[in-house]
Amino acid sequence: MAETRTVKLTVNGTPQEQEVEVRLTLADFLRHGLGLTGTHIGCEHGVCGACTVLVDGRSMRSCLMLAVQAEGSDITTVEGLAPSEGELHPLQEAFRDNHGLQCGYCTPGMLTTLTELLAENPDPSEDEVRAAISGNLCRCTGYQGIVDAALDAARRMREGTS
Amino acid sequence: MSAEAYRDSPKRLEDPELLRGRGRFIDDITLPGMLEAAFVRSPHAHAAVSGIDAEAARALPGVRAVLTRDDILPYLKSEFLVVGLPSGAYKQQRDRPALAGEEVVYVGEPVAVVIAEDRYIAEDAAQLVMVDYDILPAVADCRAALEDGAPPVHRDGADNLLAELDVGYGDVDAAFANAAHVFGDHIHMHRGGSHSIECRGAVASYDAAGDLMTLWVSSQMPHSTLRVLVDMLGRDENQMRVVTPDIGGGFGPKLVVYAEDVVLSVAAIKLGCAVKWIEDRREHFIATTQERDQYWDVEVAVDGDGRMLGIRGALVHEHGAYTARGINLPQNSAESLPGTYVLPNYRMNVKLALTNKVPVTPVRGAGHPQATFVIERLMDRIARELGLDRAEVRRRNQVPADAMPYERPLKTRGGLPVVLDSGDYGACQETVLERAGWADFPARQEAARKDGRYIGIGLANFMKGTGRGPFEAVTVRIGTSGRIHVYTGATSIGQGTKTMLAQIVAAELGGDLANVTVTTGDTAATALGIGTSNSRNAVTAGTSAHVAAGKVRDKALAIAASILDKPVEELEIVGAEVHAKDEPGRIANIKVTLAEIAHAVSGTPGYSLPGGIGAGLEATEHVILDSPTYANGAVVAEVEVDIETGGVAILNYVLAFDSGRVINAMTAAGQALGGTAHGIGNALFELMAYDENAQPLTTNLADYLLISAPEMPRVDVSFRESPTPLNPLGVKGVGENGVVPAPAAVISAIEDALSPFGLRLSKAPMSPPEILALIEAARAGS
Numbered sequence: 000m001a002e003t004r005t006v007k008l009t010v011n012g013t014p015q016e017q018e019v020e021v022r023l024t025l026a027d028f029l030r031h032g033l034g035l036t037g038t039h040i041g042c043e044h045g046v047c048g049a050c051t052v053l054v055d056g057r058s059m060r061s062c063l064m065l066a067v068q069a070e071g072s073d074i075t076t077v078e079g080l081a082p083s084e085g086e087l088h089p090l091q092e093a094f095r096d097n098h099g100l101q102c103g104y105c106t107p108g109m110l111t112t113l114t115e116l117l118a119e120n121p122d123p124s125e126d127e128v129r130a131a132i133s134g135n136l137c138r139c140t141g142y143q144g145i146v147d148a149a150l151d152a153a154r155r156m157r158e159g160t161s
Numbered sequence: 000m001s002a003e004a005y006r007d008s009p010k011r012l013e014d015p016e017l018l019r020g021r022g023r024f025i026d027d028i029t030l031p032g033m034l035e036a037a038f039v040r041s042p043h044a045h046a047a048v049s050g051i052d053a054e055a056a057r058a059l060p061g062v063r064a065v066l067t068r069d070d071i072l073p074y075l076k077s078e079f080l081v082v083g084l085p086s087g088a089y090k091q092q093r094d095r096p097a098l099a100g101e102e103v104v105y106v107g108e109p110v111a112v113v114i115a116e117d118r119y120i121a122e123d124a125a126q127l128v129m130v131d132y133d134i135l136p137a138v139a140d141c142r143a144a145l146e147d148g149a150p151p152v153h154r155d156g157a158d159n160l161l162a163e164l165d166v167g168y169g170d171v172d173a174a175f176a177n178a179a180h181v182f183g184d185h186i187h188m189h190r191g192g193s194h195s196i197e198c199r200g201a202v203a204s205y206d207a208a209g210d211l212m213t214l215w216v217s218s219q220m221p222h223s224t225l226r227v228l229v230d231m232l233g234r235d236e237n238q239m240r241v242v243t244p245d246i247g248g249g250f251g252p253k254l255v256v257y258a259e260d261v262v263l264s265v266a267a268i269k270l271g272c273a274v275k276w277i278e279d280r281r282e283h284f285i286a287t288t289q290e291r292d293q294y295w296d297v298e299v300a301v302d303g304d305g306r307m308l309g310i311r312g313a314l315v316h317e318h319g320a321y322t323a324r325g326i327n328l329p330q331n332s333a334e335s336l337p338g339t340y341v342l343p344n345y346r347m348n349v350k351l352a353l354t355n356k357v358p359v360t361p362v363r364g365a366g367h368p369q370a371t372f373v374i375e376r377l378m379d380r381i382a383r384e385l386g387l388d389r390a391e392v393r394r395r396n397q398v399p400a401d402a403m404p405y406e407r408p409l410k411t412r413g414g415l416p417v418v419l420d421s422g423d424y425g426a427c428q429e430t431v432l433e434r435a436g437w438a439d440f441p442a443r444q445e446a447a448r449k450d451g452r453y454i455g456i457g458l459a460n461f462m463k464g465t466g467r468g469p470f471e472a473v474t475v476r477i478g479t480s481g482r483i484h485v486y487t488g489a490t491s492i493g494q495g496t497k498t499m500l501a502q503i504v505a506a507e508l509g510g511d512l513a514n515v516t517v518t519t520g521d522t523a524a525t526a527l528g529i530g531t532s533n534s535r536n537a538v539t540a541g542t543s544a545h546v547a548a549g550k551v552r553d554k555a556l557a558i559a560a561s562i563l564d565k566p567v568e569e570l571e572i573v574g575a576e577v578h579a580k581d582e583p584g585r586i587a588n589i590k591v592t593l594a595e596i597a598h599a600v601s602g603t604p605g606y607s608l609p610g611g612i613g614a615g616l617e618a619t620e621h622v623i624l625d626s627p628t629y630a631n632g633a634v635v636a637e638v639e640v641d642i643e644t645g646g647v648a649i650l651n652y653v654l655a656f657d658s659g660r661v662i663n664a665m666t667a668a669g670q671a672l673g674g675t676a677h678g679i680g681n682a683l684f685e686l687m688a689y690d691e692n693a694q695p696l697t698t699n700l701a702d703y704l705l706i707s708a709p710e711m712p713r714v715d716v717s718f719r720e721s722p723t724p725l726n727p728l729g730v731k732g733v734g735e736n737g738v739v740p741a742p743a744a745v746i747s748a749i750e751d752a753l754s755p756f757g758l759r760l761s762k763a764p765m766s767p768p769e770i771l772a773l774i775e776a777a778r779a780g781s
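Residue numbers (numbering that gives the first Met the number 0), protein chains in the order written: chain A, 0 to 161; chain B, 0 to 781.
No wet-lab data here; the hints were simulated from the structure.
Among the clues, some could well be false.
[Unchecked claim] With the Cβ distance kept under 7 Å, some of the chain B side facing chain A (calculated, not the full set): (1) G20; (2) G22; (3) G248; (4) D279; (5) R280; (6) G669; (7) P709; (8) M711.
[Stated by the list, open to error] So the derived label-pair ranges between C-beta atoms look like this: (9) B/E433 x A/A118: 41 to 47 Å; (10) B/S77 x A/E119: 55 to 61 Å; (11) B/A208 x A/Q15: 33 to 39 Å; (12) B/K410 x A/A118: 55 to 61 Å; (13) A/E125 x B/G780: 39 to 45 Å; (14) B/H598 x A/E86: 31 to 37 Å; (15) A/A118 x B/P755: 44 to 50 Å; (16) A/E125 x B/E122: 37 to 43 Å.
We put the CB at the ideal spot given by N, CA and C, even for glycine.
Chain B on its own, in the form it takes in the complex (with noise of 0.2 Å):
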């Protein structure tokens, strides 16, 4: 198998278990003696702690324990989880603690838990934990957050700045004060929470015979777990698991590392058993990251022709109430707010205020949606402006495909030039106009507006670094078995990760993906794991794969060859055997299979290895690759509102994309539905609501609303494949592709079919109360 068959899209691995109810999620784990666990998180946004009294609670029939901060105390050697990405922009510290001491900062912040003999013992002990609370203000909104004299988020902190920087290059004020035209909005964007239908959840269990506590977490990133685990904890690596099973959806906040899961691997080594968690959907609404609210003040500066000068302006970022990742959302979001485009002078201010709420952390797309928004809007703007196509500006404004590698003046958050390596951006726009009928749309929409309906057209380009590094490991091996095992640190939440990987060693190891196990994110299988996240698992554990399985493949050959005395360029792999090679009216019937050749290496006493290249089948890599590679593409949405009631809904949908060479096309194409639907439902339903002392409004799937089959359109998803130079497979990633470019296509086509009331838009998502608000207003206006 080529590479070039990878498009052959083989059915996943994965599904056959699944189909029959038999994965194995985190809740579908049950151990001998194991007991579960409730948590009781505080009902404030912000109060201080003056008591917990728990008997009642531990005299409840079938509690084990109910464990505070000071029970848990004597088994940690450090009481925060210090998880904060390094940067010299913070201007406070702001770790969790294990479980709250005497100060809660959001609702839903754990403060005890219960360890009873099931969930619905412990679940009616947690109502009987008496926790005095004394009320403190508490901050709901980011903007005033920053205020002068805003009560403080932490009582000990002097204001609510957690972090500030400038991003930008150029001389921004030469630009702007040289301009044809200057055009300013204030731009706010909203984004919820994850909603994996599968919540976060947790099983400890200590062996004590091997002093060994295995935690099996439903996380993105098991590695970064079993390291805050270590440092908390104060036990060895060699003394600790971390184990992912199945995962029903990421999405992001399940890159997370959690108290609860330092928690729960306390209790367990405490009471010397097996201990279960699982997070339910309220919980998930109060206690999960989520990623909430950006506003922008920008302006852009254009020459006569539209042609983008420069940007400046102010970002505010909502950052919760401690820091649970790091300060890279807004990071994100401003180092890519110039988008597929040219910009030659840029400076943005960006302010992360701390508010009472829990705290705020990537949702797949990760600040791009925001940043995509800001950037598509002001397109817009310009368009309306100066009476220009949309699509023309965006033509005029396009880093050019002979620009590529295109170098921005700007760094990654790890310091790394901006190179933006590959694709056309120009000719994924033009794909979307083509296959959505732009040209035609204007008389189609002159056409409904005679029958009274009011369809609109959105347009937006996108580009989204993917495949962060600095590496992935993964681990082929041959057992004796012939069978091939990859062992690798990425997690697989349902982008058929598995699949993948298998496809990538199986073109190098005989083709056969059924001969082909993946074991993804086991601590004990896996020395040195990242984990999934930033749509990294094709680009990083893709390549190590590559490389790893092409290791073995020599290796494999270089035996063959000593075992049946053949060159070894007469051997090749097909299915779990080598061959020699047929020759022309000559079927060579010479083959010694993989079991054999790994049995051969794997060592007899007292006898020499065959092939005199060392001992097993096998290859670990963990390739470097620091740079990431962008991957972009255009959506066109067509959209139809009811003027009546501001209902929207979408008519056409179409996405093109470029992810460089595409490893499956039906995994690749899913991805990209998934995230579109998750965008759509940024642009038009979810929305996490707060009241203004940050206690949370939205708390069940009644309230907060995920997009549901009969809103979603059908979307016309292709591709285009411009390889990446910057890896061996020209692979970039695809996870984020759907959700990023969404919210700004939506919104653009809701704009165009409202403009007849002379509206601009300039926020998601857009509720249809809101939407008829506007059209009120304007009717009164007019």
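Excised from the complex, chain A in its bound form (with noise of 0.2 Å):
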């Protein structure tokens, strides 16, 4: 049996605390041990951003920190990003209305990448959202329509609007 270690940090506003081996990934850590799927995997190599989650704020590859890294920090996934059941994130709204997505799955990604750059950046301009999203390959989207979801939820955030 590989070496394991306990883990204790908090997902989505909530305190974890597991068993793990050593070599798990956040990634799969965040998937397959707590069940949070919206965190998906596209490359393990740091290149594509379909991973990315905050750690404790900043945008991280899950797929290249291992789960014990974590040890200690607060981590928001795509599922932590809607403030209740009943309503979306203004950056979830916007990548609605704006056609931001087509398959979905690098989605979660761009979603925690941007939640990052709005907070330290509420006015973007279109090149400055494109360079934050640099790190986030999409295949559908030619990224028009994210690069626009990005700035009608930046101003629809400054104007408290949603």
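Dock chain to chain to rebuild the complex, using the hints, since each chain is given by itself in its own frame.
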């Protein structure tokens, strides 16, 4: 049996504690250990960005991080973005309104990455949005709907409307 | 809601769950007691297999089984995936085995599978499987494959010619003999992989109580998968079910039935449990089909005004090691070469060459980007040689709108005539020229050059046969809940197919999208389905949905008329109810719900059905649409080339297309944008590289480049709508419109930017080092 260790962390506001193999990636821990399958795996080598989650507010590739490295951290996944069961986050609303997703596979990583951007820069330019998602690959949209959604969400969040 | 209201572009039904992270993709499926698989794959492009020692792997704690060919053969009636589309042009039959036997013929070919308690253990064990390989000579280049003395891709092969066909019509040699000018070129176009962000994957589960094997698979064509499983496993249709969950992109290769699907099904039956396999990205590079190289030697004959008299030449198409789909790719290329133009005489010899690489099958565009690249390169060549504007040469050769329907003396792969059914090709070209500022460009280019900037502009027209038939199945059923359920063999791979079908059905049945559910790609829900490829869903499934929904509407109204004792003409469906129509000055308050109607015809023992038109509120349609309908369009791309680095930036990109009536403007534009990104990638970035021994060199997304947001320009997309007469909705496919013209337009623009160097470009993709080398060679030569 491979070496294991106990990991304690907070995911989407809920404290979690599990015994995990030390080699288990954070992505696999979230998906299979906690059943949070919204975080997707696209390449397992840190290029595609589909597995991006927020670790203490910073976007991280959960495929390049081990679960045990997340000890003590506060993690937000795509499941943690919407404020309630009945509402979407303004960024999620804007993705729907601007056709920012097609197959939806890269979407969780796009949403988490852009959540970080908008927290740091509430009024980004188009170029800044494109730079922010330069590490997230999408094969469906040509990025235009995603960029439009991010700019629209920024406007809604600045104006306090969604 | 009228058909005209489709373009209101309702928000997609698919989105809320996907945005919340509640999609259900293949790797999101977890079943009780489920095991996980890892495949042992050939590391060699060509080798004899003399033995497999799996003892160490089997001994690893957590490993439940290691299966080789010998272990799965008792479960197989046939060990080969026989999937080739029919054609008389085959010289060799090269079907894939489920697991390799005594020979492996490409890097990535599956040799064995490890089944373990989790994927980590399965991968550990896969490393412990010892396979004895005796390396054989490998063929990497499809042209070299056809040379005398080339080593055979398969040991038992006399040569590497998989198939050969001649496509054409007219008296080509006479046309050339009488031409004012003849221009020739050697053109190479490479396309890479599909690279959906979700790789492939499958979960097979065997339920002994019901003797049922269920395969969930990330596939564009679950019904094809079931048919192959029936053929290979010898089990009946009712003992197996194939289901597609949410699919994270397809782009072609997921239309193929793969050995992994078969092996996983056998493993589930043999072990009596559920087994999951999720392809990783490296496997996607080496084991999922691709669309690699075409080499064209072509000549065009023109008159003194630049009008084409004929084209002749030869195409060598790389096929890979096996036939995983057919010979349809080079057939598409050769058939669509004339593009949007009048071509009086044509002859193309097509050879398909086996190589020791993963099989070649369609990627989004399916041979059309290559054909478009060739014909548009020739158009630019004619313009250049005759000193004409590139747009003007195209105008002179364009099939005129008043010639529609325009029949070419060519046949589709199914033997049907090629008939361009509708459209105004010239109008699309004029639209993009105007929106891109084509007329002003020479002045802008001159000004830029004074500043030391090399900008260029390129133009490409395209047409694309879409909606390949013969049909797609759609059932529309109103349940006793009053909800409208749609079931189809079409699969939903990101295009918004569920929303599109819900729009079409709701237009006939009360107008409320929220009252419609759509189930795609489940062989238990749809008996006879085909699946998704070739921009076909809106045309084939859309038409069946439209007709089926109309029949259900008529039935619902007839039963309501019986229940309400009103004439049918006075009734209409609004939301989930049938109302008597309002009359002037009087609001009718007579109604019956769809739920009540469905109840009424669901049957009560001993009582007659109302309406006298049978049981159930449902209809199933397989509307036959044999002939493809041809979408078309035009693109202008404007680029800047950095002559010090060879880097290319796209400054402006304008696409106008005609896919007939547009069902949902938002998703139609989205399809065009995504295809454009893929096509720009094919022009500038995507290269699936191999060494001379057919070892793949680009097996991760750092070496193989997909276009990312900063390189992608904002695209100006517009539609023309020339409804096709071939189906009742007037729709043509849209999914491949973006990708087909992009490489031609971008390469044309680069050539234009570099016109001071007198270069001609005859290849895609063009990398910065290649561009730089051409510039340096031109400078050295001048």
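Outcome for the supplied range 33 to 39 Å, where the beta carbon pair is B/A208 and A/Q15: holds (36 Å)
With a cut-off of 7 Å, does the beta carbon of B/R280 approach a beta carbon of chain A closely enough for the hint to hold? Because about 4 Å separates B/R280 from the closest Cβ in chain A, which is inside the 7 Å limit, the hint holds.
Min Cβ distance, B/G20 to chain A: is it shorter than 7 Å? holds (2 Å)
Under 7 Å is the threshold here; is the Cβ of B/G669 close enough to any Cβ of chain A for the hint to stand? holds (5 Å)
Indicate whether the distance between the beta carbons of B/S77 and A/E119 respects the range 55 to 61 Å. holds (59 Å)
Regarding A/A118 and B/P755, is the given constraint of 44 to 50 Å on their beta-carbon distance met? holds (48 Å)
When you take the CB atoms of A/E125 and B/E122, is the distance between them in 37 to 43 Å? holds (42 Å)
The hint says 41 to 47 Å between B/E433 and A/A118; measuring C-beta to C-beta, is that right? holds (42 Å)
Hint status (Cβ of B/G248 to nearest Cβ of chain A, threshold 7 Å): Holds, about 5 Å.
Against chain A, run the beta carbon of B/D279 and see if the smallest gap drops under 7 Å. holds (6 Å)
Tell me if the beta carbons of B/K410 and A/A118 are separated by a distance inside 55 to 61 Å. Given range 55 to 61 Å: holds, Cβ gap about 59 Å.
Using the C-beta atoms of A/E125 and B/G780, is the stated range 39 to 45 Å upheld? holds (41 Å)
Hint compliance for this structure: no hint is broken.
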